[in-house]
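> Let chain A serve as the given structure and place chain B on it in line with the hints.
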Amino acid sequence: MSREISTCPLRLRHYPGHLEPEYAYTLGIAGERFFREIKENARIMGAKCKKCGKIYVPPKLYCEECFEKLEEWVDVGTKGTVYTFTISFLDEHGEKLEKPEIYALIKFKGTYGGIVHRLGEVKPENVRIGMKVQAVFKPLTERKGTINDIAYFKPIME
Amino acid sequence: MKDVAVVGVGCVGFRPVTPELSYKELMFEAAMRAYEDAGVNPRKDIDAFITCAEDYWEGFSIFDEFVPDQLGAVLKHLFTVSADGLFGLITAYMLIKTGHFDIVAVEAHSKASDILTYEGIVNFAFDPIFNRPLGGHPYYVAGMEMNRYLCETGTTLEQCAMVAVKNKRNALANPHACYGANITVKDVLCSECQFYPLKKLEISPLSDGCIVTVLASEDVATKLTDKPVWIRGVGWCTETPCLETRDWGRAVYTELAAEMAYKTAGIKNPVKEIDFAEVCDMFAYKELQHLEALKLCRRGEAGNLVEEGVTQRDGELPVNPSGGMLGMGYALEASGLQRVLEAVLQLRGEAGKRQLPEVETGVVQTWRGIPTATGAVVVLSK
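Chains as they are written, first to last, in this note's numbering: chain A, 176 to 333; chain B, 1408 to 1789.
Simulated from the structure, these hints should not be mistaken for lab results.
For glycine and all other residues, C-beta sits at the position ideal for the given N, C-alpha and C.
Errors might be hidden in some of the hints.
[What the hints assert, rightly or not] Listed next, with one range per pair, are the computed distances between beta-carbon atoms:
1. A/L202 / B/G1759: 53 to 61 Å
2. A/E270 / B/P1535: 18 to 26 Å
3. A/I331 / B/K1504: 31 to 39 Å
4. A/K274 / B/E1723: 41 to 49 Å
5. B/E1625 / A/R208: 29 to 37 Å
6. A/E197 / B/L1428: 26 to 34 Å
7. B/C1558 / A/G295: 17 to 25 Å
8. B/M1501 / A/T316: 54 to 62 Å
9. A/E197 / B/K1675: 51 to 59 Å
10. A/T321 / B/T1647: 19 to 27 Å
11. A/D250 / B/S1429: 55 to 63 Å
12. B/K1431 / A/L194: 31 to 39 Å
For reference, chain A alone in the conformation it holds in the complex:
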């Protein structure tokens, strides 16, 4: 087996430092509409390019391909398909999770892009690429206008 080598700099001579950047990221026109619809109406919206016909999820103000401004909004529904997924056994600090998290890219029929989110109400060993899933929204009073207003996506029969 490979060796375990200490990479802990705190055990070496060092000077401690700390950066604490804080920002208020502007949602922008497309982002605001997207999150407002999620928060107020539990709807997932895309934006359609009138030139190439692609429907972007999440919506953008412009088309990646055509560089056109996107102005047509489309309700893409809350059901989609697992395009790919992973089971993460580590948390955001690299520590082992007690309960592994499932992350997936969910694609919506007839659209371009998708939503990266967590899966819930499913055992990790039962997740498959191509599985049909549906967004589970938090209750209206708990929704704040962020991607976490969707609690997770859960498998559905279809």
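Chain B in isolation, oriented as in the chain A frame:
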């Protein structure tokens, strides 16, 4: 137009920690070695300096201000390329191609061991509105990508594990590599599953080190050395920053970068014209995906190449004879120059125990890591 050659390389590392040197001293050591190798005096001979660094890796705002002194570049022409070292090398190539510069030095380093919150910094590279609020370990993106790549190509878990076995074994013969090991496919597959289907031994651990390269125009290069290594083609590409719209099965950024590099190099049939490859294997499956993007095999075939031993050091197409990043460690922005270092040593015939016989042309590729879809490709020849 004049050709451009690599005329000097200097390396310190790579190691998991570097307790005795500050980042400045690390850079100074590598620079001294590179200038000695090239036979140049930085204070007199070098026209411009490029450093490749990203403020968040360094823990500095405007890191480039902290660079000139340790490179011999005070009161000289220096700037930062905020990307992997291979982008710096390409920039130096272009500077020399303008005809206004004869000798340019390129530096990239990693003092990753100074970073206490690596995952946090990588998370900070995620889209702040659509992705970052999900939280989690940023490498979940690699697990998702590997899963889709396997699904689309039929590549097996064993074939991915074989990449880790090969590269860690290659690293045993490389004095610049610190993660060399004699392991089996079973060891890899039984190592901790961290981001299904990605295993712990398929993930490049971080490492510290620094590489400086010296590039020169054709007439200067031939005066400085009898072993110039020519930069024949360069290419780079960013697919899209969006996780949602990118291609999860193919490394499109490398396909397009390779197309550009092969075109500038006049390479029509990479399989025939490339003798060896040094590619980004930050995660074992990435080596396979990148080989396909470099057109060194057809899509979905890279797994077979590693299984049949074609990419071994004694195979028909050696890949990562250095040990790759799995063997040398993920050295942040120095990762691309790790690949260049090995290609230069191989083409000069100075790779010691791991020297490949009769190599004329090598291809070097880099990827900017999670969560990017950015890569660069350089073709080097004797």
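> What hints, given by number in increasing order, does this structure fail?
3, 5, 12
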